[in-house]
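Asker: The lines below spell out each chain.
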Amino acid sequence: MNFVKRREFTLFILIIIQILLITFRAPRFFSLSNFKDILDDTAILFMVAIAQMLVILTAGIDLSVASGIAFSGMSVALLNQYHPEVPVFIILLLSIAIGFMLGSFNGLLVAYGNIPPIITTLGTMSIYRGLVFVLSKGTWVSAHEMTDSFRYFPRINIFGISLILIISLMVIIIFYIFLYYTRTGREIYGVGGNITAAQYVGINLKKIKYLVFALCGMICGLSGFLWVARYASAQSDSAIGFELQTVAACVIGGASIAGGSGSVLGVILGALFLGIIKNALPVIKVSPFWQMFIQGFIIIAAIIINTIMSQRNQQIIIRKRG
Amino acid sequence: MIDKNKRLKKLNINISELLIRWETMLLIIFILITIINSRLSPYFFNYVNIMNTTFNFTEKAIIALPMIFVIVCGDIDISVASIIALCSVFMGLASAFGVQTWGLIVIGCLAGIIAGFLNGIIITRLNVPAIAVTIGSMSLFRGIAYVILGDKAFTRYPSSFAFLGQGYLANTRIPFQLLLFTILAIIFALILHNTTLGRKLYAIGNNPTAARFSGIPVRNIRLLNFTLTGFCAGIASILLTSRIGSTRPNIADGWELEIITTVVLGGVAITGGKGNILGVIISIFLLGFLRFGMGLVNVPGKVMNIVSGFLLIIAILLPEFIRNIRERILLGKERIRGGYKDETSSI
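As they're listed, the protein sequences go chains A and B.
Numbering follows the working numbering, with no gaps: position 39 of the first sequence is 39.
Counting from 1 along the second sequence, just add 1000 to a position and that's the residue number in the working numbering.
Hints are computed from structural coordinates only; laboratory data are not their basis.
All values reported here derive from a predicted model rather than from experimental measurement.
Treat the hints with care, as some may be off.
To be verified - What follows is a set of in silico ranges between Cβ atoms, one per label pair, in the way DEER data are often shown: (1) B:V1106 to A:V201: 25 to 35 Å; (2) B:Y1047 to A:M101: 41 to 51 Å; (3) A:V286 to B:S1038: 33 to 43 Å; (4) A:K207 to B:G1167: 28 to 38 Å; (5) A:V201 to B:L1330: 38 to 48 Å.
Claimed, not checked - Straight-line alpha carbon distances no greater than 27 Å define the calculated BS3-like cross-link-like pairs of lysine-lysine that follow: (6) A:K206 to B:K1274; (7) B:K1152 to A:K278; (8) B:K1152 to A:K285; (9) B:K1274 to A:K137; (10) B:K1274 to B:K1200.
Stated by the list, open to error - Just so you have them, the derived chain B footprint on chain A, three or more residues with Cβ under 8 Å: (11) 123-135; (12) 177-190.
All residues carry an ideal CB built from backbone N, CA and C; glycine is no exception.
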């Protein structure tokens, strides 16, 4: 347990160093309003990264998150365009329902079709993305075609905090309680840690595998609405490549792709790390084309560091036992 | 008890029959697609058209060959499309400095080999799942392409370079690419089906631990697979760059999905240890002709992606489904009621 704490602590220190370095290059980076912007910008990544972590905990992966976000976002944007009378609250619920359906499809294929998650979601990634195109016939929904209540929903201010951040924090807290204090949450860790043992203990593997994908889908659906509303445009390739960011956030936060380990706090810090880089690049006058490279580099570096650290940790355990 | 063993033996034979049938099934689907296509469009059954449409899939097919090795060993490589972009950018860079065709070929292949080797060395030496590493390198390699190119493009290549991707064999309408693919396919088929290396690949895919204990250098063979994949991605990149005559950072976007779909549809088990070249070759032409036919009747590319996504899922669901039904019929209810079904075998 000590070790897990230390990893998050290291990441925390890294983020502080990162902020200091950026401030050194561009002093105007260090301001409260800028940090608030960064948090607002990263709010969606926080949620989806946590949802992605649920899947990764069971030794799976969900590559269809970005396509799911685009699909749900496009559906609600079109609904808003053609039926502006539908209240935003209904739209919010509807987006979650759409996401739930997409996630359930993944989950059913993985749990009951016995298809490996990577293949399932690689397939549904292009299916959902294609469906966005079919749905919208290749057109965009832009800002002036949306109602004001739709567009300003994520920006509603409550005690100086935007609604998008509040929703994100609520999701994080709910998932935190779910993962650490409920039976099903602990079972998710069990399935990833040792699937054979989990089966012998009597955990319903199919249920857990289905559940993580369905939950991940729900969060993607919700994020789809928030995404489209925040950026005030829905297009066939919105959120493209976002799935890599969520996986990156998990890996940086110390979640193991092999399943069974990963913490909510770690993933949040991982997402924050990425969010700060994304926001800092223009501030320190680095071309945004570097972002993909940096992201890939960090994923691989994080994987290497994670592996080396966990191997060393195992050696310590063996030595203590001997 | 003896009776049950006999029935189990029969089941095994039936499963191998099924594998033979998988190829026949693919062939039947292939013929069906050809017939439907020729009904839908009068331009389909035309020697020149068919030869020219192979341009659209031979590059992917060339990467599908080493991908068979990778998947048979139970690994996966989703960074191939990014390796294409990386090689293409390096070739464009070299071409801008005045390097000639032969030099470009060497650079393309070398960049591919190095990229694949990097993947392989991290995966095998650190013992990390291949998915994790190749997700990272997918972003890293294409990221390098974006860093070098930004929003620009390389368009100046030597004129003799164009032959590789656009040329035909002398006096025939057979593309050079197709010949190259045929040669590579024969080499890969010989390695997989007629050498000890090929047998070792299946052994690793079925049980890596057992393979290691029987003296197979598992890590080095897997490393070789990834390097080969990189090399073939390099070749594909040379052909693609030469065919379209320009390099953009988003070149070959989304190809990894199509390549993996091709391999899995060809009957290679995603969990490793099963599959052969013939099935994959049929599936290459099947998918290629399907796309060609859809293109002739003006189906947009994104809709084609939906079709290939569904094909990928169905290709994996169907054999499992058939096997379940067969088991039910052959073994009756006893196995299902009493047996422990292993659900833990997934990557």
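Asker: Hint by hint, say whether it matches the structure.
Answerer: Against the structure, the hints come out as follows:
1. Between V1106 (chain B) and V201 (chain A) the Cβ separation comes to about 57 Å, which falls outside the hinted range of 25 to 35 Å.
2. For Y1047 (chain B) and M101 (chain A), the Cβ-Cβ distance of about 46 Å falls inside the hinted range of 41 to 51 Å, so the restraint holds.
3. The hint said 33 to 43 Å for the Cβ distance between V286 (chain A) and S1038 (chain B), and at roughly 54 Å that hint is violated.
4. For the pair K207 (chain A) and G1167 (chain B), the supplied restraint of 28 to 38 Å is violated, since their beta-carbon distance comes to about 57 Å.
5. Range check, V201 (chain A) to L1330 (chain B): about 32 Å between beta-carbon atoms, so the 38 to 48 Å window is missed.
6. A distance of roughly 25 Å separates the Cα atoms of K206 (chain A) and K1274 (chain B); the hinted pair therefore holds under the 27 Å criterion.
7. For the proposed pair K1152 (chain B) and K278 (chain A), the alpha carbon gap of about 22 Å is at most 27 Å, so the pair holds.
8. For the proposed pair K1152 (chain B) and K285 (chain A), the alpha carbon gap of about 19 Å is at most 27 Å, so the pair holds.
9. Restraint check: the Cα-Cα separation between K1274 (chain B) and K137 (chain A) comes to about 41 Å, which exceeds 27 Å; the hinted pair is violated.
10. Pair hint K1274 (chain B) plus K1200 (chain B) holds up; C-alpha atoms about 12 Å apart against a cutoff of 27 Å.
11. With 10 residues having a Cβ less than 8 Å from any Cβ of chain B, the stretch 123-135 of chain A passes the three-residue criterion, so the hint holds.
12. Check result for the stretch 177-190 of chain A against chain B: violated, 0 residues qualifying (beta carbon to beta carbon below 8 Å, three or more required).
When each numbered hint is compared with the structure, violations occur for hints 1, 3, 4, 5, 9, 12.
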